[in-house]
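Number of protein chains: 2
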Amino acid sequence: MTLPVAVDAMGGDRAPAEIVTGARLAAAELQRPVVLVGRPEAIDAVDGGTGGLEVIAATEVIAMDEDPGQGVRRKKDSSLVRAAEAVRDGRAAAMVSAGNTGATMASALLRMGRLPGVARPAIATPIPVPGSTPTVLLDAGANAECAPAWLLQFAQMGSVFARERFGIAEPRVGLLSIGEEPTKGTPLVREAHELLAGASGMRFIGNVEGRVILSDTVDVVVTDGFTGNVALKTMEGTLRFLVGAILESFSASEEAKAAAEVLLPALSPLADELDPDSTGGAMLLGVDGVCIISHGSSSARAIVNAVRVAHEMVERSLVDALRDAVGRSPAERSRLRSG
Amino acid sequence: MTLPVAVDAMGGDRAPAEIVTGARLAAAELQRPVVLVGRPEAIDAVDGGTGGLEVIAATEVIAMDEDPGQGVRRKKDSSLVRAAEAVRDGRAAAMVSAGNTGATMASALLRMGRLPGVARPAIATPIPVPGSTPTVLLDAGANAECAPAWLLQFAQMGSVFARERFGIAEPRVGLLSIGEEPTKGTPLVREAHELLAGASGMRFIGNVEGRVILSDTVDVVVTDGFTGNVALKTMEGTLRFLVGAILESFSASEEAKAAAEVLLPALSPLADELDPDSTGGAMLLGVDGVCIISHGSSSARAIVNAVRVAHEMVERSLVDALRDAVGRSPAERSRLRSG
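Those protein sequence lines, which keep their order, are chains B and C.
Here the first sequence is numbered in the numbering used here, starting from 1 and rising by one per residue.
Here the second sequence is numbered in the numbering used here, starting from 1 and rising by one per residue.
Check the hints yourself; a few may be wrong.
It does not matter which identical chain is used: a pair holds within one copy or between any two.
Here are the simulated EDC-like cross-link-like pairs (lysine to aspartate or glutamate), alpha carbons at most 16 Å apart as the crow flies [what the hints assert, rightly or not]:
id	residue 1	residue 2
1	Lys184	Glu145
2	Lys184	Asp65
3	Lys76	Glu66
4	Lys184	Asp67
5	Lys184	Glu194
6	Lys184	Glu66
Everything labelled a hint here was simulated from the structure, so no lab data went into it.
Model the full assembly from the supplied sequences, consistent with the hints where possible.
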């Protein structure tokens, strides 16, 4: 029997309406089970209702701007905490939330627990690269400060994720820095470079600059959560700004407007590929379960994609692959083999 | 008598041809003196020659990929070192180079010296924001690791630069972080936030995210040189990628090609504004002289703009304004006043 994906019905700027609608669409389109987690009365009030989906009742909601640690500690009956518990208790195969990112991480970490040997879970965000497979950026914000050894684990986990999620046989892993030379950057980067260069079972291509994230030269970009989050948001801001400026210049004259109408069909595949709703969300790697973090403004379509990816990752046993890649040190592995 | 701007004729991917041509154009267009620094025979060999510009002979060249520290120490007769000496010795008012960035910084720092009280010079890069004044990002790469007090000085210097360079009376200063809350980010960011919040003579608007760099919500974005360089290059890569993808979709069909031709005039002001050649280059703030760092691929047009900005900054006494803003602590200032 296929376990359902638990969707946090209360999380996100457009919750519960878009989330519940997305969950319903996902179940219908994917022919895979979905369970909603949240306030039954709020879920029922959504246009179209649950559409027959099961609901795990949770009376509390952790707000988008609430302190994550406090929220999770105090609101034990919140939709986020209950969704993570459903995965822990084997009632759900995975969780999806477009809610408070910090609280999603904290719920998953506290309820599902860390994979053995994982120092810190990381947020892996797929950056869509039109015409190519996405680039996986991690850590995209879970850990503002990192130790070199954590970056090695991020690289191992990111590599497994890029393989299972995008079918890249040997993902090229780059370490984000301010020049390709191993001597450049911060002490963190220099030490992580040494660890990555000495690591086996991974295709480390060296240090990379921010300009290659959106290109087909690297598959996994490893960095600390501060730099990763700044890079991600800088990229989002740049895309949004440029698209806005282009659209504005398209309406500069009647002639331009008419020409723009001809061009829109040519531009729409590009816009679709860059649309964050189509990536299926970011994933928290290193916890003992599949946890998808959708962006706060997720539409119903974003939830459908997140549920699809969640089911895929469960079917491909992503968590087992991560456990194998990181959880055991070489010494432990050889002990296990000989024992 | 107006002192000339010293242009490093040997620095840049397109040196010496584009650089010498740019220097010649600058002198003619701006009606301001320019002196070329480099190998006389290489300069003379450029199509069009010096056009009568004075040349300061320098027999050596620090290559683009050469170690900056070693280059500056060993090549005492390099064009970069000689250009910085010309400013120090009062033979030139400012220096401009599109060469090795690290070596440009080292030459300026070693030959011109630091302004009194400045802990570390920083690279201030204007990010063009079409439809608005540019955002000044600093440090864009001079100091991979920073102390909180340095970030306060970067804010003070960036503020003065935004005022003198772009005429912004009270520049809005933001501290780059991964959320607007003062509690978010690294210890560096949290400590710098406290210093900035307590500083007078500056309009600190709090922590800002990467998405606002390319917008009209902030004038000066302060960060360490690692994060700043990653943000800058991520932005460059995103712009380049998106522009490439758009141009590609414009040639998807004959119809699209025809429509694109109609739109190009509407798009070209945007492209011009985003063109790094039109910004006049980055500036090294905190050394005792005007030093402009142009990007490596600078065209003749980029050099014209850099020379124009260099003369403007000299005329506006930027260095004196920086000295006043940073060089003296409040205690020293009050001592000077009462003394």
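Status of the hints after comparison with the structure:
Taking the shortest Cα distances, lysine 184 and glutamate 145 sit within 16 Å of each other only across copies (11 Å), while inside one copy they are farther apart (19 Å). Taking CA atoms no more than 16 Å apart as the test, lysine 184 paired with aspartate 65 passes between copies only; the shortest distance there is 13 Å, against 37 Å inside one copy. With identical chains, the CA atoms of lysine 76 and glutamate 66 are at most 16 Å apart within one copy only, with a shortest distance of 14 Å there and 58 Å across copies. In this homomeric assembly, lysine 184 and aspartate 67 come within 16 Å of each other (Cα to Cα) only across copies, at 11 Å, whereas the closest approach inside a single copy is 36 Å.
Proximity of lysine 184 to glutamate 194 under the C-alpha cut-off of 16 Å is restricted to the intra-copy arrangement: shortest distance 12 Å within a copy versus 29 Å between copies. For the identical chains of this complex, lysine 184 and glutamate 66 are inter-copy neighbours only, at 13 Å across copies versus 38 Å inside a copy, given an alpha-carbon limit of 16 Å.
Hint compliance for this structure: no hint is broken.
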